[in-house]
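Trainee: These protein sequence lines are chains A and B, in that order. First residue of the first sequence: 3, per the numbering used here; consecutive thereafter. First residue of the second sequence: 3, per the numbering used here; consecutive thereafter.
Treat each hint with caution, since some may be false.
Said to hold, decoys possible - Heads up, simulated BS3-like pairs for lysine-lysine below, C-alpha to C-alpha not over 25 Å straight-line: (1) K25/B to K105/B; (2) K52/B to K25/B; (3) K182/B to K105/B; (4) K53/A to K240/B; (5) K62/A to K52/B; (6) K62/A to K182/B; (7) K52/B to K105/B; (8) K182/B to K253/B; (9) K253/B to K240/B.
No lab work stands behind these hints, which were simulated from the structure alone.
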Amino acid sequence: MKSRPIPELLFILLLFGVAWFPLKRLTDAGAAVSLSAPSLRPPDAPGDAGKSVPVFLRIKSAHAPERCAVSLPGGEPLWTWDNTAAVTSIDARIDLPIRPGAVLDLAVRATWSGGTPETALTLTLEPDGIEGESVTVWARGSFDDILTFFR
Amino acid sequence: MKKSLSVLLILLCFGATLRADLKVATLHPLLTDLARNVGGDHVEVVSLMKSGGDPHDFEPSPGDLVRIRDARVILASGKGLEIYLPRLAANLSPGQELFEVGKKIPSIRVEVGELFICCPAHSRGGLDPHWWQGIGNMRRAARYVAEEFSRLDPGNAAAYRANAAAFDTRLAALKSWADKTLAAIPRGDRELVTGHAAFSYFCREFGFRSIPVQGLSREREPSPAYLAETIRQLRQEKVRAVFPEQVANPKVLASIASEAGVKIGPALIADGTGQGDAATFEGMIRHNVSAIASALN
Numbered sequence: 003m004k005s006r007p008i009p010e011l012l013f014i015l016l017l018f019g020v021a022w023f024p025l026k027r028l029t030d031a032g033a034a035v036s037l038s039a040p041s042l043r044p045p046d047a048p049g050d051a052g053k054s055v056p057v058f059l060r061i062k063s064a065h066a067p068e069r070c071a072v073s074l075p076g077g078e079p080l081w082t083w084d085n086t087a088a089v090t091s092i093d094a095r096i097d098l099p100i101r102p103g104a105v106l107d108l109a110v111r112a113t114w115s116g117g118t119p120e121t122a123l124t125l126t127l128e129p130d131g132i133e134g135e136s137v138t139v140w141a142r143g144s145f146d147d148i149l150t151f152f153r
Numbered sequence: 003m004k005k006s007l008s009v010l011l012i013l014l015c016f017g018a019t020l021r022a023d024l025k026v027a028t029l030h031p032l033l034t035d036l037a038r039n040v041g042g043d044h045v046e047v048v049s050l051m052k053s054g055g056d057p058h059d060f061e062p063s064p065g066d067l068v069r070i071r072d073a074r075v076i077l078a079s080g081k082g083l084e085i086y087l088p089r090l091a092a093n094l095s096p097g098q099e100l101f102e103v104g105k106k107i108p109s110i111r112v113e114v115g116e117l118f119i120c121c122p123a124h125s126r127g128g129l130d131p132h133w134w135q136g137i138g139n140m141r142r143a144a145r146y147v148a149e150e151f152s153r154l155d156p157g158n159a160a161a162y163r164a165n166a167a168a169f170d171t172r173l174a175a176l177k178s179w180a181d182k183t184l185a186a187i188p189r190g191d192r193e194l195v196t197g198h199a200a201f202s203y204f205c206r207e208f209g210f211r212s213i214p215v216q217g218l219s220r221e222r223e224p225s226p227a228y229l230a231e232t233i234r235q236l237r238q239e240k241v242r243a244v245f246p247e248q249v250a251n252p253k254v255l256a257s258i259a260s261e262a263g264v265k266i267g268p269a270l271i272a273d274g275t276g277q278g279d280a281a282t283f284e285g286m287i288r289h290n291v292s293a294i295a296s297a298l299n
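Make the full structure from the sequences, and use the hints.
Mentor: Here it is, written out as structure tokens:
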């Protein structure tokens with residue numbers, strides 16, 4: 003049987019043309035379904051990227067620090083604690099850009115008076131509507147590092 | 003006669019000076035306990051649902067609305083527990099506020115297939131509304147309530163904060179006690195088999211897997227196929243005990259336990275409506291933790 007390349011090519015193109023329209027409708031409908039699928043973000047949780055969320059912050063140390071400050075890496079301090087009362091724990095409310103499921107880095111600086119032995123420092127963050135988390139570090143005299151929450 | 007009148011007069015004067023600074027109404031007994039712990043002497047708490055009630059059937063009556071008409075704030079549990087809340091909100095007096103204590107507490111969404119969380123009405127959104135089964139959640143709630151009371155009554159803000167801090171210290175001790183009490187249960191045996199899915203928050207906090215075997219609402223009977231699958235699962239996973247709930251009919255759970263050859267543990271308080279020593283949040287947690295530890299140890 004003799005081959006006829008041009009009519010065969012035209013026939014294949016015609017088949018593609020006929021199939022294209024319903025295929026496009028199907029794929030568009032698929033996109034619409036995925037957009038309207040239920041959100042995975044936790045209920046009651048703030049969802050906008052970078053939006054500030056009220057956060058309960060608790061700082062505890064085995065020995066009273068003289069000073070402690072919390073900031074976003076490279077930013078100005080969001081909260082500073084001058085511990086004139088020499089207490090070992092403090093609670094505060096601050097706003098932080100937190101998204102459910104996203105990691106948060108916080109720059110933490112703390113100092114203790116001379117002669118304070120190596121001591122534990124625990125930071126607890128409880129954002130409204132999101133599970134809380136605590137991170138504990140050990141330091142002698144001072145601490146200046148990035149702590150990662152919600153890994 | 004004169005003496006009686008003087009005593010009455012003194013009592014009236016004394017009563018006037020003792021009048022609370024903030025009147026609060028609550029829609030759940032655990033919120034009454036919370037409001038008293040945070041508010042102390044500065045609040046008068048009107049509790050609409052008493053201990054031993056059922057939050058799944060409760061709805062304020064017209065008489066209740068009269069009782070709370072001069073309350074400044076009404077504390078609701080939130081997370082869809084009070085399905086009548088929109089109707090209540092529409093009936094508030096000017097200046098009254100509704101505060102959903104559980105609104106900012108992280109929710110647990112329960113997969114709802116044949117299962118109901120606790121009743122059909124509360125299964126619609128898929129959220130477990132029993133957030134007060136977690137000690138951490140109650141610690142958060144105390145802070146939120148202290149903030150709310152301080153906003154409404156700034157003159158006593160320091161007292162509300164101090165009360166919330168004292169309550170927080172007690173709850174931290176309660177968590178420590180619960181951790182130690184449950185520590186004897188091996189991690190692999192930490193399966194909490196209950197009638198309904200009311201213990202998600204407790205299970206998350208203490209590392210249990212929640213298995214709500216009864217599944218269906220309190221009013222309906224589970225299907226034979228569902229029962230058979232549940233019994234097979236209990237046998238396969240070598241579950242050690244199943245726990246009925248204080249206000250639920252234990253009949254179906256008892257028959258499941260009998261078929262599966264599993265013992266029945268003490269009844270748990272699922273809806274926070276315990277009585278006597280278990281009427282408070284701390285009492286409820288102590289009751290539930292002790293019951294679970296005694297059956298699974």
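Trainee: Taking the earlier hints as the rules, which of them does this structure contradict?
Mentor: 3, 4, 5, 8
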